[in-house]
Amino acid sequence: MAPFPLFPPEASTMAARVDALLFFLLGVTAFFVALVATLIVVFMVRYRRRAPDERPAAPHGSVPLEVGWTAVPLAIVMVIFFWGASIYASLRRPPDDALPIDVVGKQWMWKVQHLEGRREIDELHVPTGRPVKITMTSEDVIHGFYIPAFRIKQDAVPGRYTTTWFEATRPGTYDLFCSAYCGTLHSGMVGKVVVMEPRDYEAWLAGGGAVSAVDAGKALFEANGCPSCHRPDGTGRGPALVGLFGSRVALEGGTSVVADEGYLRESILNPQAKIVAGYQPVMPTFQGLLTEEDVMQLIAYIKSLAAPPAVRTER
Amino acid sequence: MPAEHVAPVRLYLAVFACLLGLTALTTAIAFADLGRLNTVIMLAIAVTKATLVALFFMHLWWNERLTRVAIGGALAWLLLLIGLTLADVLTRATLG
Amino acid sequence: MAELAPTVAHHFDDAEQQREAATFGMWVFLVTEVMFFGGLFTAYVAYRALYPDAFGHASNHLDVRLGTTNTAVLITSSLTMALAVRAAQVGEAPSRIVRWLAATMLLGATFLGIKLFEYGHKFHEGLVPGPAFTYTGPDARQAQLFFSLYFGMTGLHALHMVIGLALLGWLARQAIRGRFGPAFHTPIENCGLYWHFVDIVWIFLFPLLYLIGRH
Amino acid sequence: MEARAPAVHYLNVDYGVRSWLFTTDHKRIALLYLGTITLMFLIGGIFAVLIRLELLTPAGDLVSADTYNKLFTMHGIVMLFFFLIPSIPAVLGNFLVPMMIGARDLAFPRLNLLSWYIFVLGAAVSLWAMLTGGVDTGWTFYTPYSTSASVTKVIPTAVGIFISGFSSMLTGLNFIVTIHKMRAKGLTWFRLPLFIWAHYATSIIIMLGTPVIAITLLLVALERGFHLGIFDPALGGDPLLFQHLFWFYSHPAVYIMILPGMGVVSELIACFARRPIFGYGFVAASSLMIAVLGFLVWGHHMFTSGQSVYTAFVFSFLSMLVAIPSAVKVFNWTATLYRGSIAWDSPMLYALGFIGLFTMGGLTGLFLACLGVDVHVHDTYFIVAHFHYIMVGGTIMAYLGGIHFWWPKITGRMYPEPLAKAAGLIVFLGFNLTFFPQFILGYLGMPRRYHVYPPEFQALNVLSTAGASILGVGYLLPLCYLLWSLRYGPIASANPWGAAGLEWRTTSPPPTENFPTPPVVVRDAYDLDGVAAAPGEVAVG
Ligand code: HEA
Ligand code: HEA
Ligand code: CUA
Ligand SMILES: [Cu+2]
Chain A
1 MAPFPLFPPE ASTMAARVDA LLFFLLGVTA FFVALVATLI VVFMVRYRRR APDERPAAPH
61 GSVPLEVGWT AVPLAIVMVI FFWGASIYAS LRRPPDDALP IDVVGKQWMW KVQHLEGRRE
121 IDELHVPTGR PVKITMTSED VIHGFYIPAF RIKQDAVPGR YTTTWFEATR PGTYDLFCSA
181 YCGTLHSGMV GKVVVMEPRD YEAWLAGGGA VSAVDAGKAL FEANGCPSCH RPDGTGRGPA
241 LVGLFGSRVA LEGGTSVVAD EGYLRESILN PQAKIVAGYQ PVMPTFQGLL TEEDVMQLIA
301 YIKSLAAPPA VRTER
Chain B
1001 MPAEHVAPVR LYLAVFACLL GLTALTTAIA FADLGRLNTV IMLAIAVTKA TLVALFFMHL
1061 WWNERLTRVA IGGALAWLLL LIGLTLADVL TRATLG
Chain C
2001 MAELAPTVAH HFDDAEQQRE AATFGMWVFL VTEVMFFGGL FTAYVAYRAL YPDAFGHASN
2061 HLDVRLGTTN TAVLITSSLT MALAVRAAQV GEAPSRIVRW LAATMLLGAT FLGIKLFEYG
2121 HKFHEGLVPG PAFTYTGPDA RQAQLFFSLY FGMTGLHALH MVIGLALLGW LARQAIRGRF
2181 GPAFHTPIEN CGLYWHFVDI VWIFLFPLLY LIGRH
Chain D
3001 MEARAPAVHY LNVDYGVRSW LFTTDHKRIA LLYLGTITLM FLIGGIFAVL IRLELLTPAG
3061 DLVSADTYNK LFTMHGIVML FFFLIPSIPA VLGNFLVPMM IGARDLAFPR LNLLSWYIFV
3121 LGAAVSLWAM LTGGVDTGWT FYTPYSTSAS VTKVIPTAVG IFISGFSSML TGLNFIVTIH
3181 KMRAKGLTWF RLPLFIWAHY ATSIIIMLGT PVIAITLLLV ALERGFHLGI FDPALGGDPL
3241 LFQHLFWFYS HPAVYIMILP GMGVVSELIA CFARRPIFGY GFVAASSLMI AVLGFLVWGH
3301 HMFTSGQSVY TAFVFSFLSM LVAIPSAVKV FNWTATLYRG SIAWDSPMLY ALGFIGLFTM
3361 GGLTGLFLAC LGVDVHVHDT YFIVAHFHYI MVGGTIMAYL GGIHFWWPKI TGRMYPEPLA
3421 KAAGLIVFLG FNLTFFPQFI LGYLGMPRRY HVYPPEFQAL NVLSTAGASI LGVGYLLPLC
3481 YLLWSLRYGP IASANPWGAA GLEWRTTSPP PTENFPTPPV VVRDAYDLDG VAAAPGEVAV
3541 G
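Residue numbers (the numbering used here), protein chains in the order written: chain A, 1 to 315; chain B, 1001 to 1096; chain C, 2001 to 2215; chain D, 3001 to 3541.
Just so you know, the hints here were simulated from the structure itself, not pulled from any lab data.
Check before you lean on any hint, since a few could be wrong.
[Said to hold, decoys possible] Over the 10 Å line for every Cβ pair with chain A, so calculated as not near, a few chain D residues:
| id | residue |
| --- | --- |
| 1 | Lys3185 |
| 2 | Val3330 |
| 3 | Pro3511 |
[Said to hold, decoys possible] Covered stretches of chain D (in silico footprint by chain B; criterion: 3 or more residues with CB under 8 Å from a CB of chain B, positions within the stretch not fixed):
| id | stretch |
| --- | --- |
| 4 | 3231 to 3245 |
| 5 | 3300 to 3314 |
[To be verified] Between beta-carbon pairs, the in silico distance windows are:
| id | chain 1 | residue 1 | chain 2 | residue 2 | range |
| --- | --- | --- | --- | --- | --- |
| 6 | C | Pro2182 | D | Val3008 | 36 to 44 Å |
| 7 | A | Gly234 | B | Gly1021 | 24 to 32 Å |
| 8 | D | Val3473 | A | Trp204 | 32 to 40 Å |
| 9 | B | Leu1025 | C | Phe2123 | 26 to 34 Å |
| 10 | C | Ile2163 | A | Ile121 | 49 to 57 Å |
| 11 | B | Leu1080 | D | Pro3418 | 45 to 53 Å |
| 12 | D | Ala3184 | A | Leu39 | 49 to 57 Å |
| 13 | D | Trp3128 | B | Gly1021 | 51 to 59 Å |
| 14 | D | Glu3513 | A | Ala30 | 21 to 29 Å |
| 15 | D | Trp3484 | A | Ser62 | 40 to 48 Å |
Think of the CB as a built atom: it goes at the ideal place given N, C-alpha and C, for glycine as much as any other residue.
Looking at chain A on its own, in the form it has when it is part of the complex (with noise of 0.2 Å):
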């Protein structure tokens, strides 16, 4: 029998905050099982019925227990709130610097893509001391991205992008596992995290030789005929993408919105949802012609024309 581990490893810096909190809600949870558990035998050893017609008096209740054991929970579980909510906090909110990295699940496999180019299935690259960023979705049904070694998870949902993200802080190699059930091959739908140096993690990417993603979306987005209304100075029948990224977009109707991963593939897949100001709802949906990855490389290569300043104001 392979050895067995009590404990999963901690490999990023949530993993000791998580285990941390876990501390914590064991050492309550051991002491309220502990309390009641020992009160309960007490009680039944001390008080057992020694005579069958004996008639203990009727207890007459007593506000200030209760009003006792309904605070001290209720200020115990205050605690593991925050406690909780501030780490969660953390997790929904990636650094700005954090390195990119887009996923795509798929019965049953996690594609994977760098943003320089490299590209793998059930597995992850990624250095240590470095943020990471994953962007994901799935192509079918619900899958579950989850990484226990470094404490993260987070569904990948047809339809939409979420994202989760880490940094890895010892080199190893760890399980990936798909957490949300999706159908037959559910359980082997694994991979593994491979988290190397940073050195090592360059000498990897370099080593792959594929074209970088915002390339490969370059191409597509000529291939697709883009360029014919997407023109960089802004004077094609679409308004130039130029810049586009994390800046404000404001929309036909009077409301505005921020231009994030979200937002521009809905801005392809469905461009008819948000008008922007000013323009005719003439874009074609890319819907059923492009896939899930190549729309992430679309994505790549449009956050990557980053504009001078100037051009970032006006719009």
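Let chain A serve as the given structure and place chains B, C and D with the ligands on it in line with the hints.
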């Protein structure tokens, strides 16, 4: 519960007239462009109509309080379901 | 949902308790009905909030005249239903009770007839979700969501109407036999509550599906 | 003194299959339910045994992946919808609610019978679907898997559950109306036994929640069968909307499963400690609090699903609050023992086992309600351990305790006490051995619904399977000796435990009308005045 109430026919007719009037009104308003107000007014009219039916045709007005509590509870729960679901749907975009 | 029993059943103390139990029971049943439709209303509100334009466009494909007519028909049927209950309460002749019930049924059937006509129309226009959906507006996909909800909500409502009609038919039979009078009319009262409830559902469906987002 | 059975009681007023199939007597209907759900438990148990056997080794060597997926789905569906939800309410509740409030029957006896038929129909449809192909969506039916990817019998299974939902609504409706309208003279709300309070709260949840799961499953069936695209992401539909609707029912449903058990435990503790429950009013109110708060926390099943961060905070916060009324109950039960006169009869041992295991299960629920930790343990064996602790360690313990406690009332026979104690002990030990290792597995990261798993998880899985076999023996034991007692058990007296409830103030088994004369209540619940000092006789007064 107090003895069962028999409502006068005139009351029923009045309620009926109100309901028809409100129906006409709401349809008319649909064709005027009042922006967001359109939806608000139409929902307000629907709520009014439903209340009229419930109070008079369904005798809620004369019923014991328990029935009002029951149906009020159901409406509160429905709003809860819609409200919390909508809270998620509407604030999801600002993730991150 | 009432137990039909002209005399006091063995487990009740008196007729008063029996009647109270039946009426309260009916209202509790309506609570479940509210939540039952509630699931659909939640879906509707969520999608309307997500895709206001698509839903607005799609709703323009519904016929307001037919919708308004149907609303009026249903409201009138509620009136006749209320009068049927009243007739039983005050002890009018069975024939008069039956007359109001028959009027209610006729109006209910008219509603369903109009609805069926509308459905047929949608079918020809290719607005039925699924492979036959041929809508080609700017947001055809979300429009399909709208029509899914349209058919889901009105279909479920129509199903309730059909059940209501069956109940009314049964009531009419009982009424002819002179079963209802001032002393006992719980079934007619409870079916009335059901009928009015179905009317109320429509009162909401009408603006939500036909009106909002028009012009 | 030798107890004598009454000459005529509800079991022998009438004979023959028809007298059972057309009965409107709530007590007989309770027994119809008892038979049906016991069968369901055995079926669900067989699925569990197969699951545990498959997981004995890391490789998928016993059954294929598809079969495994069907096994845990059908295990979950059968155990929840066809066993645990009806278990205490439809059996003990049906039998006891009218008796405890001094009524002759439930308000709508024919609807009550109808509810059983509907239940049987729903179960039959679902079982038929399972036998002719099975279903593999998980008991949660998540879309889009259930609507588009699965190739199994999703529609008939969902329809079966849809149908059985009406059965639980009819039961809930009956309870609510009966408790409101049919209490004996003098039985005010604050004299009601806590069992009644618990069932009242449960019924409220049933009435408000069950319709939503009904419509949700209907929509799944329509989307699958008729392309009505409500949740379809390809149309811009939102898979999370399904999850909202599903959990709006299914989280409150867990309280449908636990509240009646808490009601049973309150009765057992009051009887075997011989004193009213400490803080009666608080325990009663906490049931209602659970019913209300329980509806506000459903999103805690969706912390990693991509729901809005803000609603996640809200749901987590409210989930913390819902733990408080449960804590209040546990502390009040414990305080009741203090200075009581505690008899170590088997029902009491089950009740005390309930408190311990429920505390454990409930506190691990806090791990899950806690956002930071749930992200890691969501969809792992930690969840599996949490809910088995509450549902198997909690509710089933309470259910067994209740069955033992009221067995003499239901059947007029006593069961063999030493065997009952042994069974309780075996269940307790087997249970912990089965499910405790799963907490560790979960934190290690073993995902649930896994047919094969990495070899380093094997040791703990072997422990779990070993425990399950002990547990199985523990469950089969009562089945045997309770059946045995029907014929050979000693005749039970009217009030063998010296309990205070109204149900003990009539013969065992009771007559069809429950009481020879309508009882009039003059005392609070659990007040033993007027109950014969030594157990055995019908009390006067
Ligand atoms: C009867 C069933 C039952 C009950 C009663 C509960 C009760 C609780 N459950 Fe559980 N739960 C399930 C059945 C149940 N659960 C099931 C079936 C699932 C999985 C569904 C699936 O995905 O398949 C689940 C999943 C589940 C999740 C989702 C996890 C995930 O998927 O990621 C969460 C998250 O918050 C949760 C929380 C809770 C909480 C906070 C309680 C609370 O009500 C518990 C309250 C009790 C106590 C707290 C113990 C008593 C207290 C004391 C002795 C005093 C000390 C107290 C304090 C310090 C507060 N449960
Ligand atoms: C009331 C609810 C209930 C009950 C009682 C149980 C009881 C048991 N459960 Fe269950 N379980 C669930 C509800 C329940 N479960 C749910 C909701 C799920 C989630 C499903 C999902 O993911 O969708 C689940 C999932 C689940 C899993 C996870 C599967 C997975 O995720 O891959 C496991 C694994 O160990 C498990 C084990 C057990 C065991 C060992 C028992 C034991 O307690 C069973 C003991 C009983 C017996 C052993 C029966 C005795 C009978 C016999 C031995 C048969 C003899 C036959 C004849 C005489 C005819 N259950
Ligand atoms: Cu993919 Cu599970
Ligand atoms: Cu829950």
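Which constraints among the numbered hints does this structure fail? Numbers only, ascending.
2, 7, 8, 12 and 14
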